[in-house]
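In the order they appear, the protein sequences are chains H and L. Going by the working numbering, the residue at position 350 of the first sequence is 350; the numbering climbs one at a time, nothing skipped. Going by the working numbering, the residue at position 100 of the second sequence is 100; the numbering climbs one at a time, nothing skipped.
Hint data in this document are derived by calculation from the structure and do not stem from the laboratory. These figures come from a predicted structure and were not determined experimentally. Note that beta-carbon positions come from the ideal geometry of N, C-alpha and C, so glycine has one too. It is possible that some hints are incorrect.
Below, in silico cross-link-like pairs of lysine-lysine (PhoX-like), each with a Cα-Cα straight-line distance of 25 Å or less [claimed, not checked]:
(1) Lys183(L) - Lys83(L)
(2) Lys31(L) - Lys124(L)
(3) Lys124(L) - Lys63(L)
(4) Lys83(L) - Lys391(H)
(5) Lys388(H) - Lys31(L)
(6) Lys103(H) - Lys132(H)
Just a sample of chain H residues kept apart from chain L, beta carbon distances all over 12 Å, derived [stated by the list, open to error]:
(7) Arg6
(8) Tyr10
(9) Arg37
(10) Arg311
(11) Thr315
(12) Leu316
(13) Lys317
(14) Gly320
(15) Asn323
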Amino acid sequence: MNLAFRDIRYHRGRFILTSIGLGLLLGVVISMGGIYRGLFADALAVLQHTGADLWVVQQDTNGPFAESSRIPEDLKYRIRGVPGVAQASPLSFQTIQIERQGKQFRFFLIGYDLGGFGGPPGIIAGRQIRQKHYEMVAAKAMKLQLGEKIRLGQHDYTVVGITGKVVSSGGDPAAYVTLPDAQEIQFKKDNDAIRNNRARIGADLARDASLAPSQAALLAGKLSAASESTHTVNTVVARLAPGADLEAVQQRISRWNHLRPISNQQQRDILTKGMIEKARMQLGLFRVILLTISAVIIALIIYTSTLDKLRVIATLKLIGSQNRVIVGMILQQSLLMGVIAYGIGYLLILFTYEKFPRRIVLEGGDLRALFAIVMVICTVSSFVGIRKALKVEPAEALGG
Amino acid sequence: MYAVEVEKLTKIYGSGETAVTAIADATLQVKPGELVAILGPSGSGKTTLLTCIGLINEPTHGKVTIDGVAVADEGWLPGTDLKRMRRERLGFIFQAHNLIPFLSALENVMVALEINGVSGGEAKRRAGELLGALNLGHRLHNYPSSLSGGEAQRVAIARALANKPKVILADEPTAALDTENGKNVMALLKTLAVENHSAILVVTHDHRMVEGFDRIFQVHDGRIARETGRQEEAPPFP
Chain H
1 MNLAFRDIRY HRGRFILTSI GLGLLLGVVI SMGGIYRGLF ADALAVLQHT GADLWVVQQD
61 TNGPFAESSR IPEDLKYRIR GVPGVAQASP LSFQTIQIER QGKQFRFFLI GYDLGGFGGP
121 PGIIAGRQIR QKHYEMVAAK AMKLQLGEKI RLGQHDYTVV GITGKVVSSG GDPAAYVTLP
181 DAQEIQFKKD NDAIRNNRAR IGADLARDAS LAPSQAALLA GKLSAASEST HTVNTVVARL
241 APGADLEAVQ QRISRWNHLR PISNQQQRDI LTKGMIEKAR MQLGLFRVIL LTISAVIIAL
301 IIYTSTLDKL RVIATLKLIG SQNRVIVGMI LQQSLLMGVI AYGIGYLLIL FTYEKFPRRI
361 VLEGGDLRAL FAIVMVICTV SSFVGIRKAL KVEPAEALGG
Chain L
1 MYAVEVEKLT KIYGSGETAV TAIADATLQV KPGELVAILG PSGSGKTTLL TCIGLINEPT
61 HGKVTIDGVA VADEGWLPGT DLKRMRRERL GFIFQAHNLI PFLSALENVM VALEINGVSG
121 GEAKRRAGEL LGALNLGHRL HNYPSSLSGG EAQRVAIARA LANKPKVILA DEPTAALDTE
181 NGKNVMALLK TLAVENHSAI LVVTHDHRMV EGFDRIFQVH DGRIARETGR QEEAPPFP
């Protein structure tokens, strides 16, 4: 006869309520693990979808995801010429926040070369971008409709395709446009600003007595054109030819004194160790605190439950029960509470995780590890009750 | 052979100046099938005597033999498995019945059998038979909280009898019952003592409940002050 199960059956209301409370707590622990994995997945999403071996960025910067990096677009030609490089393609990245349907709408805009790589990874509705201008592919999470128009900068962009779960390292859903469109959105000044800039350059050069008026006008035109150029990108990504030596390619590009070639692994380290390390530690600390609280709660519940049963335990001892029967009863209750609470927590997150504002990734290994930890906590927590139970004297069953 | 033999049993709590002698030089023998009362006022030492016989309290001095097995001689004898002795040879009935609240009447009896190694199915069958014999066949699946005081005490008696012990020790078994139920329980114990050939020792302070006992040991200030036999009227406490 299983005494633990029968006690739970008799006190099922109390047991279920306790397990639900504990389950909610474990649900939060599970979700935090999922958020942590989600942070990883989000941080690496663009990296994985791009599929580059090398990220060439501005010297002394950590690349487009960590800080500002601006390099000329035409570097792609020079990089393509490096021995071992099979493909090179420029990319631009920009976080945009606009108002849509009365609400703030934030997303990550990626500009890519139509003939290159780093574009939308997989179209789940509609099509890829075919025209050089004013078309957009949006991530599913943006909840845009095919054919919907979004105004960015000075133009409207039509959603022609929907892609899967591509997000920025900050968790914002991604949208893709062609590189010229992205450059225009990011770098092109409005007409008033252009006029003011031209006038300022013209006036500055006109004041220079060493220049003839015709020279000043010519120079003003050249300088204005240069300052209005939008042919800037955040990175040029490269894929290496089979068998190419990554380090040799990196060393060669490093010799150009204004660029930094970052390998895919280095970029991954920058994203995971640099950008989400604090968030990881924070979540880890919360998990430890919550698990400690769970342990204290389980220990208290088991202890008070044991106190309620002291006379029962004394009676069992008096009628000759072995200690293992009593220890088993307490331990099984503690473990069962852990199993049920874990199940409740798991189901709670399983049915709600898609509704969380940030991505939650539930990994089997994490779930199994947490389950093992919960079982250890339940076992250790039951020791306080077991210790109390073993101290009970059979004589305590006597008397009124 | 006696079911219970106690010789010059003494139990002293504490030591030195704070030592309290709860029972001193108690000697008694109980035969199988005998119904014996240990009668005395509160604090007289009767429950201490019962716990020493029930292998719960270690005697300070003296000998205790249960069902022919010597268990104590100036303390527990080495190698004595007290739990096993309690499981196999002793049955206990308590003042407040001490049924396990989360087990049904049937399960309360089954648990004593299963602790003694009887398998689930057999334990269920035997527990059902026992409860049926005690007119509780219709209350098998009731929890103790839904049983009357008399019914609960009968379940406790069934539990005490489950392993067919040679000795049954009852601590104030009628204290929580009204007079009628108390007399019914005592009559039941008497019947069981004869039918099962078990020695039954009942601790009580209630003079009204000692009718029908084979012998009565009167305990006063830690000593067995008087022993009266069958049919003799239990005298008042000295």
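To see whether the hints hold, each was checked on the structure:
no.: 1; hint: Lys183(L) - Lys83(L); in the structure: violated, 31 Å
no.: 2; hint: Lys31(L) - Lys124(L); in the structure: violated, 31 Å
no.: 3; hint: Lys124(L) - Lys63(L); in the structure: violated, 37 Å
no.: 4; hint: Lys83(L) - Lys391(H); in the structure: holds, 15 Å
no.: 5; hint: Lys388(H) - Lys31(L); in the structure: violated, 39 Å
no.: 6; hint: Lys103(H) - Lys132(H); in the structure: violated, 29 Å
no.: 7; hint: Arg6; in the structure: violated, 5 Å
no.: 8; hint: Tyr10; in the structure: violated, 3 Å
no.: 9; hint: Arg37; in the structure: holds, 42 Å
no.: 10; hint: Arg311; in the structure: violated, 7 Å
no.: 11; hint: Thr315; in the structure: violated, 5 Å
no.: 12; hint: Leu316; in the structure: violated, 7 Å
no.: 13; hint: Lys317; in the structure: violated, 8 Å
no.: 14; hint: Gly320; in the structure: violated, 3 Å
no.: 15; hint: Asn323; in the structure: violated, 9 Å
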